[in-house]
Structure formats: C-alpha cells, structure tokens
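Protein chains: 2
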Amino acid sequence: MRNQLYLFNTLTRTKEKFTPIHPGRVGIYVCGPTVYSDVHLGNCRTFISFDLIYRYLLYLGFKVRYVRNITDAGHLEGDRDEGDDKFVKKAKLEQLEPMEIVQKYTLGFHDVMREFNTLSPSIEPTATGHISEQIEMIKEIISNGYAYEINGTVYFNVEKYNTEFPYGQLTNRKLEDLLEGTRELSGQDEKRGRLDFALWISAKPETLMKWNSPWGWGFPGWHIECSAMSSKYLGNTFDIHGGGMDLQATHHTNEIAQSQACNHTSPVNYWLHTNMLTVNGVRMSKSAGNGFLPGELFTGNHPLLDKGYSPMAVRFFMMQTHYRSTLDFSNEALRASEKGYRRIINGLVTLKTLVYQPESEVQDEKLNTEIERLCELCYAGMNDDFNSAIVIANLFNLLKYINSFSHKIIPLASLSETTFEKMKTTFIQFVEDILGLKEEKFYKPNLIDDLYDILLELYKGSKETKDYARVDFIRKRADAEGIIIKDTKEGVSWSYKE
Amino acid sequence: MRNQLYLFNTLTRTKEKFTPIHPGRVGIYVCGPTVYSDVHLGNCRTFISFDLIYRYLLYLGFKVRYVRNITDAGHLEGDRDEGDDKFVKKAKLEQLEPMEIVQKYTLGFHDVMREFNTLSPSIEPTATGHISEQIEMIKEIISNGYAYEINGTVYFNVEKYNTEFPYGQLTNRKLEDLLEGTRELSGQDEKRGRLDFALWISAKPETLMKWNSPWGWGFPGWHIECSAMSSKYLGNTFDIHGGGMDLQATHHTNEIAQSQACNHTSPVNYWLHTNMLTVNGVRMSKSAGNGFLPGELFTGNHPLLDKGYSPMAVRFFMMQTHYRSTLDFSNEALRASEKGYRRIINGLVTLKTLVYQPESEVQDEKLNTEIERLCELCYAGMNDDFNSAIVIANLFNLLKYINSFSHKIIPLASLSETTFEKMKTTFIQFVEDILGLKEEKFYKPNLIDDLYDILLELYKGSKETKDYARVDFIRKRADAEGIIIKDTKEGVSWSYKE
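Protein chains in written order, with the numbering used here: chain A, 153 to 650; chain B, 153 to 650.
Looking at chain A on its own, in the form it has when it is part of the complex (with noise of 0.2 Å):
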C-alpha cells in the first residue's frame, strides 16, 4: 500500500503509478546549478523539493542512484580590450581562470545545501569532466543522421528529427507552432533550420575554456552535458528527470531529442517540474528587484525582508506547498512558517520523551482509529506526487494528540501499544526522515557565547548575595563544559580550560 507511488509526470500530463525500470531500483537525474554565480533561491526550492522526492523514495526501500549535475562549462569569454593576440600571450597565471570561478561557486553552493539540510546526490558529475563522452554521443547523432557540422559547429537538426519523433512532446506543442515563435534566419546564421541548436561550438580566439574535438577546438552546447551524463550513470533509458519548470520547453526538449537521436530510444519514463517562486504575488526574478539569495533570507539582510529566517525554517516554509504549485514569499507566511517549525520541532522533542505504559484504563477505540488514520493520511500525502503540504497538516493533527498526551489530558494508555508505536514512528520518520527537518538550535552566531555570559552573571549574584552552594555548583558545571571561571580583582570572567 506504502508502495502505490503516484507522480505527475509531464511527458503525459497525468498523475501515474510509478513503476521503476528494475524492481527497487531507482535512477533520478536533476539539472543542478551553473556555478558561475551564487546559488538563487528558484534553484534551492528544486534542489530541496527533489531532496524531499529522493528521501521518499530510500523511505521506500528504493536503492537509488541520484545524480546531479553540476553545469561548470559554458562560454566564458576572456577580455577582448588589449586585442586578442595580446591576451593569447598573457602568462597563464596572469588569465582569468574560469575553474577558479567554477571552485568558489560550487563550494558556495554545498554550503547552502548543506544549511539546508539536503542529503547529497549519489554522484554529482560536472560537464567539464564529461567532454569524451558528449564528443562520443554528438559523434553518434551525426552518425545516426540527424545532426551536421558547420565551420567546426555542430547542430542538432529539429526538423529532420520531428519527422520522426514528435519534438515538442514535452510542452504538448507542435513543431508548426514552436516554428511561428521563432525569427527567421538571416544570411549570417550557419544553421540551417531556425530551431536547430548546438550540439558542439567552435571555439573563438578569445573563448576560455575549449577542447580538441573532431570538429576543431570548441567547447559543448548548452544541452548535451546532461544527456551525455545521464545516460552515462543512469542508462539510456531511466526513470525520472526532474528539474525547474523553466527548463521543460528548451533544456528538456532538447535532452529527449538528443537522447533519442543517439540512443534511438526515449531517455525518461518520468519528468517531474518544480514551479516557480514569487514574492509578495510577483514572479521573482533579477530584473524586478525582488531576488533575495539564500544567505540574505537567513540573515534577514534585504530590503524585502523584515527579519531573518532560519535554514530550517525555510525548508519547513517550502515543504508547506506542493512542489508543483507556485511558492510565494511574503514576511507573514515566513514567520508563521518559522513558529510552525517550532511547534512541529517541539513537538518532536516532546514525543521522544513520552514513554508507553500500558494501564488498567479501557483503551479508547475511536481514538486508536483516528490516530491510525492520521499516520496513514502522512503516507497517502507522499504517495500522491510527494504531496508534503499534506503531510505536514496531517502532523499538525498528530501534534494536537502528542501535545495532549504529554500534557496528560489524554492519558497515553487510551492508545494500544502499536498505536502509539506507529504515532511515533510515522511522526518522526515523516520530520526527520522524509522532510528532512532536523533541530536547529536558535538560529543565532554568538548562542554559546551568550549562554556562558549568563552563567556568569548568574556566577556573579550567588556570589554577591553569598550563595556559596549556588556558586561552586555553577563553577563546577562549566569547569565539565570546558570553561574556567576566574574571580579577578576587576571582577569575574572565563577562560577555556588549559
């Protein structure tokens, strides 16, 4: 019953049952970031919402291989200004060094993963470290007839392919109207049909990052890394590719034709596609000035946001709306996210200290039942396209309950022993587990700090008010945390102990 996974997939436009390609398998591939800017929070949102749909899917009992890429190749041009034989001379140390822009933003980008409590991909391939393999794949389309090579550039060619294979399959389009949406060719475009795209480009002289390839020095196009590397480590054909909305109508499209060009056989049973964010109704973007990045929504450091909000309390705010549906930021609905955070971790805490012991009292049946059906509404939440808004309501139910128990106006043996066993097991696994919230200390940079300080003024009152007991017990316990204090002629500080 766990196991009736449903997901939307868009290649169908359907709600289906998931069934993996080999039993218990899973394969998942995720566009990952360009790494030659900070992270932005569209990103993070998919990033986490596919952290929720991998750990849902070890929930299982899936082994799953997770790959994520990262997208470090691209068409970084050096600075023309002193002429391009000038710049070809300069002493490689004295160059702009794209890969040390690729190392800055890929360490930044874990970090934010890591803050917010995302479990790393299986392998997380980048498109510099696949160039043989898009050289052998672009090779094999050719081969297989349906690209060509222009002046050491080779294009995928659309036309041709839709002959065959409907192009537009994904975003539901014909090829006669994504044909309308584009402008014509000019006499200066190499390419020969108007949605044809680069499959490999020629490099120019001023162009960084280039490989030997037989079409000439170049570098790839902007989309046969992740066909090259998801078929690579996940097969030819696999189970589910996700990404951002955003990507569905070229990337996407493209990685389908592409594959099936090369591999003459469709690479995805399921494509998943996270929806956008907005803030304060408005679609986020660069240009409306109403981007925030990851480290300014914790610090609170924007002029759009009245405070700061912690990683986790970010995470819960997402995972409160499907991945499917628009997320909107506003101060309000961060706040109540951060308080419904709270009450959820609480409650956690709360239930790992609630201890079962069964007594005289007559169980409550009908509460057994509601409880029961509680849990089971967690899972169904899941089952239905990882439907996490659902299954925080339904903790929220479950936390009326604990909360009661704890406070004893339930007494806890109403509940059979099983009962109370699936309480706590679905309620943590569900929080920890699955929605991979975890306890987050206040979200503060001096706390422990801050705590020492108020020991010692606690510290500094026993003693003016002589309550020795007071003060050699408060000395004692922080001498066990690795603090000494000192009673100083100016008064009273700490050390660490030597």
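Treat the hints as calculated values from the structure; they're not laboratory data. A portion of the hints provided could be inaccurate.
The list treats identical chains as one, so a pair stands whether inside a single copy or across any two.
[Stated by the list, open to error] In silico lysine-lysine, DSS-like type, Cα no more than 27 Å apart, as pairs:
{"#": "1", "residue 1": "Lys459", "residue 2": "Lys438"}
{"#": "2", "residue 1": "Lys576", "residue 2": "Lys641"}
{"#": "3", "residue 1": "Lys628", "residue 2": "Lys618"}
{"#": "4", "residue 1": "Lys504", "residue 2": "Lys552"}
Starting from the structure of chain A, add chain B where the hints point.
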C-alpha cells in the same frame, strides 16, 4: 624584509630565496587525495602544511593560484565472477559506479579539511575532468619522440629521455642506480625499458572507467594527470609544486619527465615535500595497524588513543613541528598540544580585550625592544622555510607578556603604542590568519543542550529558595536565546520559543 622568504627546494637540496616567476603572483600545485577511501592522516598533514604555506603567501600579499587536484580516475574493475559477457550486459543501475565512490569520499575529504580549518584551494581539478587534456599531452609526448604505443597502451621511454635530461634528478640518483633496483623485463612485458611507465592504459573488458582515445578505449596512467592539470592552470613552468615525500621518487620524478618531454621546459622551480607521520615512534601505516583516521582522532575511538583531540588541537599539534620533520603522534604529545592550543586561544581572547591607554609612566625601552624582537622572530620563522615550530615558540614568549599585561603585573603603558599595536597585530595575525587556528568551543556534541540544562537547574533551585528576581532573570535571558522555560505539574522543562 618580510618578503625575504627562503624555502628548501628538493630539486637542489638547498634552502633558496623564493623568487616568483611573475612578480606579485605565485602558482602552486599540490598533489591531492585519491578519493577511493577515507583520507588518511598523513595526507591531512600534507594538506595542512600546504594550507600554512598558502596562508603565508597570501599574508605576504601575493596573488596565489593554488591548485590541488582530486584523483578520481583509477583502475577500478568490475566483478568478473559472473563472466565478462554477462557483466557487460548488466543494466547501468545495477553496476558498481565508481563515481558514487568518488562522490562519497570527495565530500568526506572536504568535511575533514573544513574541520581542520584549511582554506579551499583556488581550483580542485579532477583527473576524470581532464581526460582531453591528458590525451593532448600524450599525443605531444609521442610526437616529440619520448613515448611509444603498444597494443593500445602508451609508454614513456625513460632511457631515451635520460640521454637528454637527468631523469633521477629529484632524488639525486643516476639512471644506472635506478635500473639496478628494478626487476628485469619478462616475455610478458610489453614495455621496452624497465623504468618505462604507462601514460595511457588500454582498457580490459572489465574496466569500469574508460574513455576513447587515439589509441582506443582506455584510461590515463598514474602520473599524467598532474602534469596535464598543473600546466593547464599554472603554465608550463610554475613556481611551487608540493606533495608528500613518498611521491618524490616516482610520481614527481615522472611528472618532471612528462612535462619536459611535452613542453620542452622544466615544469617547476621549487619542489617542496612534507615528511611522514609516526605513532609512538613507528611509521604510521595500515600494515603496522597504527593508522587512525581523522575522525577516530577527533573522537578518540581507536585502541591507541586515550581520548579524542579536537581538530584545532590536532592542527596546533601539527604546526608545532616543521613540515620537513617527522611528526610523532602520542597521547602525551597530543595532550600537551591541546593544552598549548587552549593557552594560545585564551591569550588571543585576552589580547583582544586589552585597550592601550598611554599613562604618565615612563616607557620601558628594553621591554619594547624585546617585544619587537619576538614579533620579528615570528616572521623570521615563517621566512625560514615556513618553520611554524619557531613561530609557535615565539608566540608563547609573547603570551607570557600578554598575560602579564592582562594581570597588571607589568603595566601596559610600559609599551609604546606602536609596539603594543605591533604585538597585537602580530599575535592575532599569526594565530588566526597564518597558523589558521580559530577559537573552538569545547568539542562536545551536546554543549548547547548541556548549557540549557544548567540554566534549568539554576532556575529550579532559585524557585525552591524563592529567589524570584533570579527566577525572572533566567526566564528572560533564556527567552532572548530562543527558549521558553515552562513550569508544569511534573517540574520544570524547556522548549523552543514558537
């Protein structure tokens, strides 16, 4: 004066004045970890040593490009038990995927490096990310006449190379001596010369990681990646190449040969090598059973360890020995370093609170001179081949004075303001920026919860003795730290503020 940096060059076996190729810039390459298992402590020492070197070069104002590679291409082979044919037919998802192993240990390595507070290198290139570059380099070496192909494998011709360049220069050995230590070729050997080594290795059917090349499907040899990546990012000749001394005789010797044979120039001006680790006087190794992992060292979970030592205590311990000396691990030495580290950090905290206020008292000229001298000795230590041991000895000498100023045994006004500022800047910069030590809270997993518990006990006690002012104080201060103290029928407890 501070720029008069001298370093011991393995190539010349002398201490040489450091002169970078491009004024104001330094290119440095360090052989990084192989990510097929947990990083071992000997490697950590190497990377922490080069972190010190990197930090000091940055401190001196150089623009440093620091490249440390990740070796992720190797010779992993599939399980042949089931026969090649069946193996090849297996679905992708059911195969061992080397890149899953790479991902796991790369992340683990980064975690350990973060614990040790090392700065990230500017670029962390991977072997699999530079297959094209390695192939290009091998092509060039062949075309220059220093390598030959046999059955899809390419060998470097050491004897040919040695007729023009001193192959054994890094270890100061002649080819004849090297040949003597090598077994004779048998009929099964493909290679021509006993010392010849593979640049490219033809793939067997069970080889999991393989790429297409001019010599067929295969994978790069052990040494070519570092030559290809260092020249790509730092140029054909760069300033500093580092690594553990175990790499000197083969890996680095071959790197020099490859780069010279390809680029017609010696690749590196200064070769730096870190020394080995011993445990209680015995060389640390798997076979001796005396090797512990960083994690085991932090937790103390190893038969040879009395207790755990925090990452900063271990870093301090390593810094107390010059990188070219053997470093011996023992519980006594680690305990002493833990104490020393905490003394230094307490000094740091104290120093930051000292405020210079000129008084009418006469300055102590001898004292000023002595403090200035101790500061200069810190620089002199680093300038003498990055001798952090000398730096630490002088920081301890400065610490005595800092503590005397703090305890008013010596009046701070005995110093001139210039000397005071110099002492302050030197101590702080050497501890934090150069040695890379940071204030570390007591290394205890539940420190914050423990501190909450102490507060709660004080709250309870104050209630019992009816110290209501104190009860209010604790409640309010706890509230400001995000926790709510609750009085219930069962006693007192706390939860997160919602």
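The hints, checked one at a time:
In this assembly of identical chains, the alpha carbons of Lys459 and Lys438 lie at most 27 Å apart only when taken from the same copy (21 Å versus 52 Å across copies). When the C-alpha separation of Lys576 and Lys641 is checked against a cutoff of 27 Å, the pair qualifies only between copies, where the shortest distance is 24 Å, while the shortest distance within a copy is 54 Å. Taking the closest pair of Cα atoms, Lys628 and Lys618 come within 27 Å of each other both inside a single copy (17 Å) and across two copies (23 Å). Proximity of Lys504 and Lys552 under a CA criterion of 27 Å is satisfied intra-copy only: 15 Å inside one chain copy versus 50 Å between copies.
Violated hints: none; the structure is consistent with every hint.
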